[in-house]
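Enquirer: Chain by chain, the residues:
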Amino acid sequence: MNSMMRFAKTQPLGAVGFLIILLILIAACAPQWLAPYDPVEIDFSAMLTGPSASHWLGADQFGRDIFSRLIYGARTALSIGFWSSFLGCTLGAAIGVASAYFGGKTDLLVQRLIDILLSFPVIVLAVVVVAMLSSKVVAGVDLNLILAIALPIVPRAARVVRAATLSVREMLYVDAARAAGYSNWRIMFVHIAPNVTAPYLIVLTSYIAQAILLEASLSFLGLGVTEPTAAWGLMLSGSATDFYREAPWMIVFPGLAISLSVFAFNLFGDSLRDWFDPKFRG
Amino acid sequence: MGSYLLKRLLLVIPTLLGVAVLVFFMLRVVPGDVIELKLRGDGGNVSAQVVAEERERLGLNRPLYVQLGYWLKGLVTLDFGISYWTNRPVVEEIGIRVGLTLQVAIMSAVIAVFFAIPLGVLAGLYRNSWIDYCLRVVTIAGLAVPSFWLGMMIVLGLLSLFSWSPPVTYTPFYVDPIANMSQLIWPALAVGYRYSAVVARLVRSSVIEVMSEDYIRTARAKGLFERTVVIRHALGNALLPALTVVGLEFAFLLGGLVVTEQVFNLNGIGRLFVDAVAHHDFNLLQALVMLIAVMFITINLLVDLLYGVLDPRILYK
Chain A
5 MNSMMRFAKT
15 QPLGAVGFLI
25 ILLILIAACA
35 PQWLAPYDPV
45 EIDFSAMLTG
55 PSASHWLGAD
65 QFGRDIFSRL
75 IYGARTALSI
85 GFWSSFLGCT
95 LGAAIGVASA
105 YFGGKTDLLV
115 QRLIDILLSF
125 PVIVLAVVVV
135 AMLSSKVVAG
145 VDLNLILAIA
155 LPIVPRAARV
165 VRAATLSVRE
175 MLYVDAARAA
185 GYSNWRIMFV
195 HIAPNVTAPY
205 LIVLTSYIAQ
215 AILLEASLSF
225 LGLGVTEPTA
235 AWGLMLSGSA
245 TDFYREAPWM
255 IVFPGLAISL
265 SVFAFNLFGD
275 SLRDWFDPKF
285 RG
Chain B
968 MGSYLLKRLL
978 LVIPTLLGVA
988 VLVFFMLRVV
998 PGDVIELKLR
1008 GDGGNVSAQV
1018 VAEERERLGL
1028 NRPLYVQLGY
1038 WLKGLVTLDF
1048 GISYWTNRPV
1058 VEEIGIRVGL
1068 TLQVAIMSAV
1078 IAVFFAIPLG
1088 VLAGLYRNSW
1098 IDYCLRVVTI
1108 AGLAVPSFWL
1118 GMMIVLGLLS
1128 LFSWSPPVTY
1138 TPFYVDPIAN
1148 MSQLIWPALA
1158 VGYRYSAVVA
1168 RLVRSSVIEV
1178 MSEDYIRTAR
1188 AKGLFERTVV
1198 IRHALGNALL
1208 PALTVVGLEF
1218 AFLLGGLVVT
1228 EQVFNLNGIG
1238 RLFVDAVAHH
1248 DFNLLQALVM
1258 LIAVMFITIN
1268 LLVDLLYGVL
1278 DPRILYK
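Protein sequence lines correspond, in order, to chains A and B. The numbering of the first sequence is our numbering, which starts it at 5 and goes up by one. The numbering of the second sequence is our numbering, which starts it at 968 and goes up by one.
Chain A with its partners taken away, still in its complex shape:
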């Protein structure tokens, strides 16, 4: 609690980011409390109506309430954003720790593989994986979409964690653990891993932002989340652009929602980095 107060004091922007994240989290966990309408409820009398008292942010071409769809969309964005970042960063961190710990030929080989994966722009890799695997929905979440977004994150997280591990590896307690005859697994996951938690948490937070952006882009291209699920990127795709003139609110607000959440995670991630890295403090 004490350290949380100190974080808020030294990193006011990070605290703001955290508050926004908290709001999005509430929307994601309990959308039915906040949303005035059912996100898939069709109401032709409200078709393409602008922001008003009954529909705060207007309604789309089916008369669905945009505000409610944004609230429900938070769940999609956050769950896909979190799980893909978590999967990608955890896998990347494991690879990074192992690569740096073993060093030598293993490290060299792993680094080449990472170089290969890094030569693809994030979205290109994600699109290829999405195309490769058809969607596989479990509990309302598309597992293959998460996989597609996680894959480009793996080499990037691996590089950061590997760099952090290189210095931890030289610590005396690692030598001590080795002298005590502990197995490589134990040294890597019990002795080294806890000491690279800070970079891990930093990449995890910043890649949630990237994953949300990527999910929105994929959904926009029609390769991500599919109708009728409420997703921010999906709200911008397809026929939404036919209504530029009649209903600009249909494309203004979902984009603002994406930007705001990515902004919040970036802000929080940046502050987390400054907080953990004393070099940047002050």
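You may find that some hints are simply not true.
Here are some chain A residues pointing at chain B (derived, C-beta under 10 Å) [said to hold, decoys possible]:
(1) Met8
(2) Val266
(3) Phe269
Derived from the structure by calculation, the hints contain no laboratory data. Because the structure is a prediction, the values reported are computed rather than measured. No residue lacks a Cβ here, since even glycine has one placed at the ideal position from N, Cα and C.
Position chain B relative to chain A; hints supplied.
Expert: Okay, now just chain B, sitting in the frame of chain A:
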């Protein structure tokens, strides 16, 4: 320098080979079949024989390693066969579109260099001033706003202000430079915003870092004008990292254009890429992915080499 160049070039070969093999196998795991999709996609009833013949014609019935051999041979001879979907040579399909995408990418790089670098330097020199705060807000927003949505906002703005909508046809630069520029400047701005934000942030922090170095204090202690200190002593070192980011982000820009081209009705390689995915057009897709990866690797290599030329401290052995 000569031997370093050779070594770097040789190191690129295994990476390229790895990329090529990875691309090939990634696309072969696709459950959908291009032939099935092409012939039966619209619910058409096609006999198994026709499907088999088409598969034979496109060489899809050959064993994987033979297909891989053809793919690698094609990479060397720049012959990628024909698009499964349009039946036109892949090189031709890419060739007619790559100019447009590159032009947009270069235009946004120019925007990034001409706006982001001076602004980043100013923000770094006058840290915690109003310039710095404004730039910080603008750049953090730049990282958060999806470029395709920014593109939509630009279209919306142009539509409501000037009743202008993105033209459906593309005018090449050599036909009508003004029409060409007025069409492509908007997508360049849409993707250039993020690009500029990334560059400006990096330049700012690198200027701050360099300005606190001992040799800057020495230069000041010598009584040099602040202007001389900044221009002659600080900027050279501060802008070197910017070079890397300009290069890296340029390559990633090509990725950003995949989405943004849709918004502006541009028929560039981004659009081609999305279409190729939708049609499961492997031949085209693998050539495109390879092209993007090759561009990325080449730009990286060029940046590294430029570093060596610009920074004499880096001695290559």
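Enquirer: Name the hints, by number, that the structure is in violation of.
Expert: Those not satisfied come down to hint 1.
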